[in-house]
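Protein chains: 2
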Amino acid sequence: MATTKIGIIGLGLMGGSLSIALQESLELFHFIGLDHNTKHCSQALELGLVNEIVHTLDEISHCDIIILTIPVDGIIAVSKQFKALEAQCTIIDFGSTKEKISNSIPKEIRENFVTAHPMTGTEKFGPLAAVSDLYTDKTVVLCDLEKSGKHQQNVAKKLFSDIKMQLVFMGAKEHDKHAAFISHMPHAISYSLANTVMKQEAATSVVALAAGGFKDMSRIAKSSPNMWEDIFRQNKSNLLEAIDSFQAELKKCQEMVENEEWETLNDWMAEANTLHDILE
Amino acid sequence: MATTKIGIIGLGLMGGSLSIALQESLELFHFIGLDHNTKHCSQALELGLVNEIVHTLDEISHCDIIILTIPVDGIIAVSKQFKALEAQCTIIDFGSTKEKISNSIPKEIRENFVTAHPMTGTEKFGPLAAVSDLYTDKTVVLCDLEKSGKHQQNVAKKLFSDIKMQLVFMGAKEHDKHAAFISHMPHAISYSLANTVMKQEAATSVVALAAGGFKDMSRIAKSSPNMWEDIFRQNKSNLLEAIDSFQAELKKCQEMVENEEWETLNDWMAEANTLHDILE
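Protein chains in written order, with the numbering used here: chain A, 22 to 301; chain B, 22 to 301.
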């Protein structure tokens, strides 16, 4: 059985967890890591997430598969720096936005490229946050797959199937609209909630009174500002539309309370309950 | 060792979990249940949450301790129906709002009464949702405790200590203001988020794309409309103030994205991150 060379650019939660998951499959891999954060490089080596560290794109560009697990602006920047790639090389980016990335990949390497969004993560980051089951039974959205080469399509499908993900196919534009509502706008809400409560409440009250609901709703406010600044920038218009829709809904709630329309409020809450008939 | 008679009015998550937790302590108890939902009554009996079911307030009013685990409007209604109580009887309500309740208790039984808010719960309800560790290591806020009799103060402190809760003391008015920001407004957000996403997204997209963040943020949108309608009504003005503050913060986020003030946005996200220095 041949050893597959996998390059991971960005040795954090996503890249590290991918390595652990692949190492649990039956294939043979050699992992080459690249990250400008030298501490993350040595941690990734120590944790056995990579077999070696390299320092330039050239050194990683001969891998069979190259994974980009870096913030979404970095994905666009790096994709422009690749020199001519071998026809069989597959690059897969794991970014949370897809349209700008899909449209920015240089023509010469567009067939090498697969744009994917694994719908998973935690608020933690760095190689120490890597876990074996981050991808298990989660969904990955493969976008604009017709723009990738046939070989690359197959490599990506096999890779995500090997780590037990469910594959969904979608246009990048459509993906970004859905992601704005289901992921990006909820992050804006969580950051806003955390800042609202910290302005209003003394630390002692927060600690004493925060129950499970508040903890859940503020958990993703711990997410990396650098990663999310990029996502908000790349998905700006969809995000603003999603925030507008949410604000209209919250305003409706506010007006029902203000005007004491309790029966209508009760119906509106019962409507919200039905989300969980879909989700569970 | 004498057997303490405990009456539980409202045989749901909170009342049922209290029974389980008390049964794990070293004391002897006899539990008497009252609930207008006959299915909940028989479930509570089957699950061993209560030893007997009664059908009138009179039959429960001779208990040593009476727990009110019903929606907050119900607490006020029931408190007005108690006839003269024995001097040693302790009534404890578990409502999520405290000012209206504290001020509505008839004078004749005010010393019998302790108004408490255990800061715990799940989105589930009914006796089948009861669990043994719902209260363990959580906070309970005891409000306006100086209005309760000395005996009742001691009974309540012992009861909550026995189920391993941390005691916090606060005026009812102050409690309601904090609770609006840390609990009630986040529920309004979660309901709004669920309704926004369901209007925008097809069920298949929600299922395919919902990751941990969205699931966490929409979890409490599954909460009981009847319970939360009452809470929103009783804490109306504080809730509206909290929603206003949150909306201002979300608007700030929206404007930073709109105006592409990315550095300021990044700082604002980093500020939100610091909540978790307090919480964890």
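Just so you know, the hints here were simulated from the structure itself, not pulled from any lab data.
The beta carbon of each residue, even a glycine, is placed where N, CA and C say it ideally should be.
Please note that a few of the clues may not be correct.
Claimed, not checked - One side only, chain A facing chain B, incomplete, derived with CB under 8 Å:
hint, residue
1, Q44
2, E45
3, S46
4, N216
5, D237
6, K243
Going down the list of hints, with the structure as the test:
For Q44 (chain A), the suggested interface contact is broken, since its CB lies about 23 Å from the closest CB of chain B, more than 8 Å. Restraint check, E45 (chain A) versus chain B: the minimum CB separation of about 21 Å is more than 8 Å; hint violated. For S46 (chain A), the suggested interface contact is broken, since its CB lies about 23 Å from the closest CB of chain B, more than 8 Å. The beta carbon of N216 (chain A) is positioned within 8 Å of a beta carbon in chain B (closest approach about 5 Å), and the interface hint is therefore held.
Because the smallest distance between the Cβ of D237 (chain A) and any Cβ of chain B comes to about 4 Å, under 8 Å, the interface hint for this residue holds. The interface hint given for K243 (chain A) is met, as the beta carbon of that residue sits about 5 Å from the closest beta carbon of chain B, less than 8 Å.
Violated hints for the displayed structure, listed by number in ascending order: 1, 2 and 3.
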